[in-house]
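Student: Quick mapping for you: the protein sequence lines, in order, are chains A and B. Quick note on numbering: full-length UniProt numbering labels position 235 of the first sequence as 235, and the sequence is numbered without any gaps. Quick note on numbering: full-length UniProt numbering labels position 66 of the second sequence as 66, and the sequence is numbered without any gaps.
Warning: the hint list may mix true and false statements.
Which copy is meant is left open, so a pair is good if it fits within one copy or across any two.
Here are the simulated lysine to aspartate or glutamate pairs, DMTMM-like style, with alpha carbons at most 20 Å apart [claimed, not checked]: (1) K344 with E399; (2) K351 with E387; (3) K351 with E374; (4) K344 with D234.
Simulated from the structure, these hints should not be mistaken for lab results. All figures in this text were calculated on a predicted structure; none of them were measured in a lab.
Protein chains: 2
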Amino acid sequence: MLPRGRPRALGAAALLLLLLLLGFLLFGGDLGCERREPGGRAGAPGCFPGPLMPRVPPDGRLRRAAALDGDPGAGPGDHNRSDCGPQPPPPPKCELLHVAIVCAGHNSSRDVITLVKSMLFYRKNPLHLHLVTDAVARNILETLFHTWMVPAVRVSFYHADQLKPQVSWIPNKHYSGLYGLMKLVLPSALPAELARVIVLDTDVTFASDISELWALFAHFSDTQAIGLVENQSDWYLGNLWKNHRPWPALGRGFNTGVILLRLDRLRQAGWEQMWRLTARRELLSLPATSLADQDIFNAVIKEHPGLVQRLPCVWNVQLSDHTLAERCYSEASDLKVIHWNSPKKLRVKNKHVEFFRNFYLTFLEYDGNLLRRELFVCPSQPPPGAEQLQQALAQLDEEDPCFEFRQQQLTVHRVHVTFLPHEPPPPRPHDVTLVAQLSMDRLQMLEALCRHWPGPMSLALYLTDAEAQQFLHFVEASPVLAARQDVAYHVVYREGPLYPVNQLRNVALAQALTPYVFLSDIDFLPAYSLYDYLRASIEQLGLGSWRKAALVVPAFETLRYRFSFPHSKVELLALLDAGTLYTFRYHEWPRGHAPTDYARWREAQAPYRVQWAADYEPYVVVPRDCPRYDPRFVGFGWNKVAHIVELDAQEYELLVLPEAFTIHLPHAPSLDISRFRSSPTYRDCLQALKDEFHQDLSRHHGAAALKYLPALQQPQSPARG
Amino acid sequence: MLPRGRPRALGAAALLLLLLLLGFLLFGGDLGCERREPGGRAGAPGCFPGPLMPRVPPDGRLRRAAALDGDPGAGPGDHNRSDCGPQPPPPPKCELLHVAIVCAGHNSSRDVITLVKSMLFYRKNPLHLHLVTDAVARNILETLFHTWMVPAVRVSFYHADQLKPQVSWIPNKHYSGLYGLMKLVLPSALPAELARVIVLDTDVTFASDISELWALFAHFSDTQAIGLVENQSDWYLGNLWKNHRPWPALGRGFNTGVILLRLDRLRQAGWEQMWRLTARRELLSLPATSLADQDIFNAVIKEHPGLVQRLPCVWNVQLSDHTLAERCYSEASDLKVIHWNSPKKLRVKNKHVEFFRNFYLTFLEYDGNLLRRELFVCPSQPPPGAEQLQQALAQLDEEDPCFEFRQQQLTVHRVHVTFLPHEPPPPRPHDVTLVAQLSMDRLQMLEALCRHWPGPMSLALYLTDAEAQQFLHFVEASPVLAARQDVAYHVVYREGPLYPVNQLRNVALAQALTPYVFLSDIDFLPAYSLYDYLRASIEQLGLGSWRKAALVVPAFETLRYRFSFPHSKVELLALLDAGTLYTFRYHEWPRGHAPTDYARWREAQAPYRVQWAADYEPYVVVPRDCPRYDPRFVGFGWNKVAHIVELDAQEYELLVLPEAFTIHLPHAPSLDISRFRSSPTYRDCLQALKDEFHQDLSRHHGAAALKYLPALQQPQSPARG
């Protein structure tokens, strides 16, 4: 690089004079008053008019084109580099880095998690995420981060709704909607003491350590406040098509997918006034923003070029449809951030898209559990609950034959609630949500279940990160599933060898939004009429507040694959008599459903009360606030039985519904079952769990719990699941 | 860091004198003759006696301990750093980096792939891998790299067997066996023109770009030839237990899991002589090496300390049982290479093992397909076949409704043959291998299959990288599966939306090692006696060279889960008569097996010949060199039918065996099936495939192919798989 300090300094001085003059002419000194901090401390406000110190001539096209064509790191705004190469010094070891992201809705919440995974993979610093979210994203991300327990990551939430009035007056045509515009109000929305922040769009992926990006703050001159990468398309040149009228920008303008913000300086410079005035003025002649906040940032920068520090292009490699990014990445040995800034996202036409997609897929499918890794070098406050968890885990004895059970019980699974778009059901007093849990090998049940149950469902899925993506594609490819907005899918990420069946049920149960829930299992198909019939029965019987009852849905099973589902109780009874159907587990474990009294059910015209007995595990409809499942039962065995014991102990009436039924379909035994049923220690461990369950039961219910003791001391049938 | 150039130079000069003297006393000038290259070019050999220029005092304990305790980058051998920080300059852009790895057997082959994945993930340079392998590893890795098609990676293989005589005379107690010692002979085994190489153990994982490691060659003085990280345990201090007598080493010695070798200098310095003499001498008083090559490297270095350049500890963070590595990694912000150098590997006791395990699991489970990414910046020769593949893919029309089929057909799947330890069956003239393919959802069939088929099997598994690990654990946890060494599992890595059923069959078929194969499907269980019966029948009938025949194994099915498998044809016929069993697809698609003529089979006492008819798809036993399956049939449909057409076109006799049978067990339809059967374009695309198949058939068999035309023009039954 040629030495150019002297001529630039002269040129800058000349430009400064020119711009000061212009500034006075245009604004009469009203705007751009910056409070300078002599010696780094807040001093007496020293005000000078007009735009800040310009480092870039307003028409810098030629030089910017050179930056795109050649040296990927050097824009014309870069100050002279030292001989040590293009790397700025790393930020102080263990410095807390702040990142702000605006995120709204189900789909963006999934996107942001991929971004966060890529960031965490490479980071070596503690991070503080500032998330501006709508209610949907907040519910998802709060649960996710709470259960993710990543060390050295703090998360703060900000209400997007409260920021809406500040930007809703701006007409906007960009697909990001109102939320894109919210980046403009971050200087006032984020805490006043926060001086610097990296602002990211949800559609970027890191391919490097974010501290290298943070380190670029050190390149800012005393007056620069916004770090941006040049736009890698010709959009702002205004010659894409006839009558294409983009917002004003310096040359190609800047892309706002990745921003370094000196919040302190922006606040001092009167940023809020600044962008509003610019936007209002431009909107006199332009109908709306096309690219949301980016149009306004560019218009402000065109007026105040001294605000901007150009970042090396590798920090925002833009994969829009007609991107010029190749000029950047074909020279750079090191891509830092990839930006999927086409509405087509991964389906964008780009001859190298496979290359970039591989980066994205890496983190999309990456096991987020692996990011729960300490930063040894930077001791930090452990995430809430992490210390107790560590202690509990440390107390386990690896030689204990039930070690795997104990460990699995303590495992905190990462949970992504409402993984896919979901519309909560309208509030209806007797509505029922079907609650169940499944893993990948039962996905093919979902379509049939949707046909049998037209009402809301809350389903917990036990998946790896990669499987969650397969699941997403599965739903998108199924017209039956894609049409249903009332089915909420909650992904619980796999961890550990035992299936956490009751933890899954509790996740699905906690997310049910109707007053009643039907606690089912995924391999059962309910009678076509069951949803309507249950709502009618709930209304008639009055569950819940004034009657603590559990409505029993009698369970049947078929051993055949091809099977014509009965449309009525009459048809069902015919099949039962023909030997095509059986009562559930009739051959292996009749005790599980014996108290339902199938003989009485055949004749029954009205609901009838039955008594609890050992091993009873009917499928029931209960109020949403029913007792939770006991999460100590992991793997297979006693998980539902214990729940019914708890219902009985809490004096729920058990009422069998005369027209209700549900039918179990055959399936190959799951891997989890076959793995553990054959294990000789399995039953011993299950007995230990049952003993502990009974101790807790006695603690809560006193002598009343004695009733359950014999049931708890029976050996477990090996064939049960 | 204090300036210490002057005192060190003085100390080094004094030491040099001392060592020159010692060298003369010990070797009389025979050894350590180095050919120096004045001005970097090979000149007249300038010989000087004794060890090379020492940079480290022979007893450097104190200073080395300081290195372990403090600055993670700086060992006492480091030359002064510039002010630019600890990073050496990167190697010239696009420089080809050479890596040598010794790898033998099934388990090490799996390990080395994880290492290679981590290396490829971070690398930005073209790589040349030099793999010293036994026959097993070579077969695995050659197939793997050939099908992996990673751009800018070249692989050369070297025969470990040929190197054995050079090291087999050394008694060795280390778990790496003879292969560990082979690192010693790399200077002569690798091509003479190769000057520098990074040597890696199979149990290391990269957490950074290997070019940074390569760049450390620049730190070598003119005489240094071996770059090593200090040993992070007290082993070589010789005080671990009473009478603990390790091999001689400088202080803590060095770990040889990661080595930078200047092969040129070692060759010139007479390395081969050097290490042999040292080893022979030490073996006079020591019974064997305990740590294989590492003992010998350390003994040589103790004698010739000038050979060694100390590398920063982060380049070989050693997780042995009583490691001192924490002193290194707790200070370093950046770990570069993790070394699982305990025989316990991931189960090593280390309070931070979770942290390191997460790195390892990242690459263990990483989708290797994502590493097929170009190095834009460094244009390179594409891997063999890649260019044609790219062209073929580029010619596909994304708007073609059968685009997914076309793309899937062209997909080259990464293949890992004999994923688990496997003993080839002893050569027997009439032996039969059961050939089948499966994905994760059929894993639970394997145990039953092993009980039914006591002979060799060759099974292709269609899995993701993460599923391959689950599969590994599944086999390890099953006593039935773990006991079988004659079952070869070949992992074909998933890519694309359609199940490549015939490609999988061909992988399994190609790996069968017996003269005959039984072409089965995973959801069938053969009669218990079938393996013996087939071998006897093959002997009697004389398949293969003098009789081109396909032996038909009649197929049946049960629709019931719980089912008692018949032990004889008599029992089978009784179940058939009782309606518990049916002939296969009796209800949905009797044409598929009608030509088998079940009525005749009931009575048959001897094999009988049957004629091909449309849609016939029996399960057959054929010689191993039978026609391959047509890989164009992806997804479900016509995949077996086409194979039988090909057999018939090649004039194989179809002989039904009177005592043979196999029974299909029920299972839920796989996801792949349900996804595509419902698609309306699916049948159209299948018809297009059939048309193309027939064109090829006509091309090969001429007018004889006309016979099959009507069959190919029939619509496909929707219920078939």
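Student: All the hints need checking, so say for each whether the structure fits it.
Tutor: Against the structure, the hints come out as follows:
no.	hint	in the structure
1	K344 with E399	between (53 Å within a copy, 16 Å between copies)
2	K351 with E387	between (48 Å within a copy, 15 Å between copies)
3	K351 with E374	between (39 Å within a copy, 12 Å between copies)
4	K344 with D234	within (18 Å within a copy, 57 Å between copies)
Against the hints set out earlier in the document, no violation occurs for any number.
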